[in-house]
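Enquirer: Here are the chains, one letter per residue:
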Amino acid sequence: MVEEIVRNLKKDFRVEFRNRSALNLAVAFAGITTLAISLATGGVPFPANIQSVVLWIIMFFCAMNGLAHIFVREEEERTSLFLSLNSSHESIFLSKLIFNVIFFLVLQMIVCPLYIFFLQLQIKSPAVFILTILSGGICISAGTTILGAMVSKAGGRGSLFTIISFPVLLPVLWVAIATTTRSLEDEGYSNYGNIIFFLAFSGVIIAISFLLFRYVWVEE
Amino acid sequence: MEEKKYTIRIEAVSKRFNRQHLFRDISFTLGTGTSLSLTGPNGSGKSTLMQIIAGIQSPTRGTVAYSCNGSEIPKNEFFRHMGFISPVLNPYDELTGYENIIFSAGKKRSEEEINGLLEKFQLYEHRDKSLRFYSSGMKQRLKYILAVINDPPVLFFDEPGTNLDRSGKDILYSHIESIRPGKILFMATNEKEESSLCMEEYRIG
Numbered sequence: 001m002v003e004e005i006v007r008n009l010k011k012d013f014r015v016e017f018r019n020r021s022a023l024n025l026a027v028a029f030a031g032i033t034t035l036a037i038s039l040a041t042g043g044v045p046f047p048a049n050i051q052s053v054v055l056w057i058i059m060f061f062c063a064m065n066g067l068a069h070i071f072v073r074e075e076e077e078r079t080s081l082f083l084s085l086n087s088s089h090e091s092i093f094l095s096k097l098i099f100n101v102i103f104f105l106v107l108q109m110i111v112c113p114l115y116i117f118f119l120q121l122q123i124k125s126p127a128v129f130i131l132t133i134l135s136g137g138i139c140i141s142a143g144t145t146i147l148g149a150m151v152s153k154a155g156g157r158g159s160l161f162t163i164i165s166f167p168v169l170l171p172v173l174w175v176a177i178a179t180t181t182r183s184l185e186d187e188g189y190s191n192y193g194n195i196i197f198f199l200a201f202s203g204v205i206i207a208i209s210f211l212l213f214r215y216v217w218v219e220e
Numbered sequence: 001m002e003e004k005k006y007t008i009r010i011e012a013v014s015k016r017f018n019r020q021h022l023f024r025d026i027s028f029t030l031g032t033g034t035s036l037s038l039t040g041p042n043g044s045g046k047s048t049l050m051q052i053i054a055g056i057q058s059p060t061r062g063t064v065a066y067s068c069n070g071s072e073i074p075k076n077e078f079f080r081h082m083g084f085i086s087p088v089l090n091p092y093d094e095l096t097g098y099e100n101i102i103f104s105a106g107k108k109r110s111e112e113e114i115n116g117l118l119e120k121f122q123l124y125e126h127r128d129k130s131l132r133f134y135s136s137g138m139k140q141r142l143k144y145i146l147a148v149i150n151d152p153p154v155l156f157f158d159e160p161g162t163n164l165d166r167s168g169k170d171i172l173y174s175h176i177e178s179i180r181p182g183k184i185l186f187m188a189t190n191e192k193e194e195s196s197l198c199m200e201e202y203r204i205g
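Going down the list, the sequences are from chains Y and C.
For what it's worth, our numbering labels the leading residue of the first sequence as 1, then goes sequentially.
For what it's worth, our numbering labels the leading residue of the second sequence as 1, then goes sequentially.
Everything hinted at is true.
Incomplete in silico selection of chain C near chain Y, CB under 7 Å:
#1 Phe-79
#2 Leu-89
#3 Asn-90
#4 Pro-91
#5 Tyr-92
#6 Phe-103
In the EDC-like style, the derived pairs of lysine to aspartate or glutamate whose C-alpha atoms are separated by at most 20 Å in a straight line are:
#7 C:Lys-108 - Y:Glu-3
#8 C:Lys-129 - Y:Glu-77
#9 Y:Lys-124 - Y:Glu-187
Derived by calculation from the structure, the hints in this document are not laboratory data.
Computed from a prediction, not measured in an experiment: that's the story for all the values here.
We treat Cβ as the ideally placed atom computed from N, Cα and C, and that holds for glycine.
This is chain C alone, in the form it adopts within the complex (with noise of 0.2 Å):
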């Protein structure tokens, strides 16, 4: 089976709410294989210009363009290729945590891959438990779950290891730098150690 090859070009990127630019033409390109980290100071756009090469935002001008062995894939179709962790993105409450991942993965993932990924997170326990009960550092590891339960190839990451104690935080990064090859990452962090887990830097603001 052909390997599936993903580029993401971010174009002239500006971002201007009211008369302030956030941030003004910023252009890169991501392809599969690369990870990138966005550092910079609170307030310098970081979450906005991840969101906007998401797809979630649109920028005041410029162009983000995705494609999969050359062949372009519409703004619309994008979500379904990408995980996202971010503080913008609640689960919902009312829901399990096992109901919100299969709400998530469909049929696409068997028991024990969902079992295994809980397992690996600690929170097997804790699947049968409504979010409402969660602390914050297990929404945060539900939150990562639920961002690589359908083995997308682009990750967008916005802050990862908020909330998370020692423990979390160490089998985060270990699991992020087993599913990194293959795959476009793109964090948006201040954290040196997360920052450290991508190959390049781009700092903004």
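Same shape as in the complex, but just chain Y (with noise of 0.2 Å):
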């Protein structure tokens, strides 16, 4: 199986990098959004708890605009009966996993940086900071999978992708923005709960969509 991810993970980066239009889309969302609104304050330094709840807006819209892809690609191009046909469903399941995961934190390299430039963030515990973006957004990826495959088979629809995400998402955004909130208030702290909450749950969704994934991709 381990070859089988593998094999899986090098197509998949090979088509992504040939055809970048789902980076490019994502990146140049993720560049304007943060342009707008750091154009639309005028320099002015929003509260903590505005600046925790735009971030993650716009990487919550970045995960709609990119995270999906993966698995409709396939589907549009007519090409998830040949990658059936050579992978096993777990082994399809774990690398479009792998890889939106790899996609989301290289967005988020993009996103977060652009937004701490653009609006000047003080981030008083970076350790936290850093932490809740990185688990946050395996979280968002690790939930939004499962879900990109189910929209694939519906037939590709953006929109339906955005409107099933959310409610699994809430919980994740919700504590994401409280502990991004502390680590831009709050100097030294090193609450890291959160971080466990996020890790804990991923693994449930992971382990849940691993279960399910089959009944979702192939037709019984």
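These two chains come separately, so use the hints to put the complex back together.
Expert: This is how it looks when you write it as structure tokens:
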């Protein structure tokens, strides 16, 4: 199975690298939104809670723009049967999950520095801030992978992906916004309980998705 | 080493779309060494029946069971035992012909075997081209290579000669004849030439 996952990942990265539409779209969305917010405020700094709400809204919609395409593309280009004939459903799910996690972490590495620069964020607890961004990102990618597979089988409707993702990701966004706010406000804030929540949430979502993926992907 | 004998048992298979039956109560058995062509008019359900037998679609009623030397093969594992060509199967356009073959074969086939097949089907000089730049005939040749590269014991070919020129068809048919013994070959076609490659014919519709 490991060999199949590596083979699928190589294939997905090659296809993504040669047709960068999803990454370009997500980066353009992130850049334009951040710039627009910065221009709209005219350089006046927001309170910490508004800054973290806006940051996670941008990240949520970046995920909505980019994370479903890995499955939707297989259906749109009618390659899903070729993929299924050559890989087990377990390895398909795990390779797409790993791809989404890496894809979203790359997006975050672009979005966060832009956001910090344009909105002049003062981060009081950098360690908690970075861990929240990373673990929250893993949560979002883990949650949206199975939803992306469901949307691709439902005809790849973009808005459907956002609608069904929001309730699943709401607890993550809620906790992520609260933790990010504390990391911006409180110097020396070192409560890692929420980071553990993100990792536990990701673990549960991945386990459930792994067990249910077959019923989404394979026509019975 | 014991020779593997595969059996596919199709029992009372029916397919219905909405209230319209495409076909009803089709039953037959395919075993290693048999080759069957499925013929019938357009819309009679040849491709659908082939996809049902291959485990890609589910029948409305009836069952398809797979076994090897008497032991049952679960439906979700049967894909590993078959090669499949169909208009609904597309390799990756963003990858080259060679990358698609490596994706399908993994490390199971040597460079010489892959190059041998590419040369046989006159694709060797195009092996590093993206599939976006392949003609439809070249894509069809590549689909055939992808179906047979792992030397599967069961072959499902849905109109394998589509888009091929005369020389492409000649190469394809001679290759099918050379690999047919010791396999199950199931072919959906309306071409007499293709149908004659199989020992038996089943007419639908």
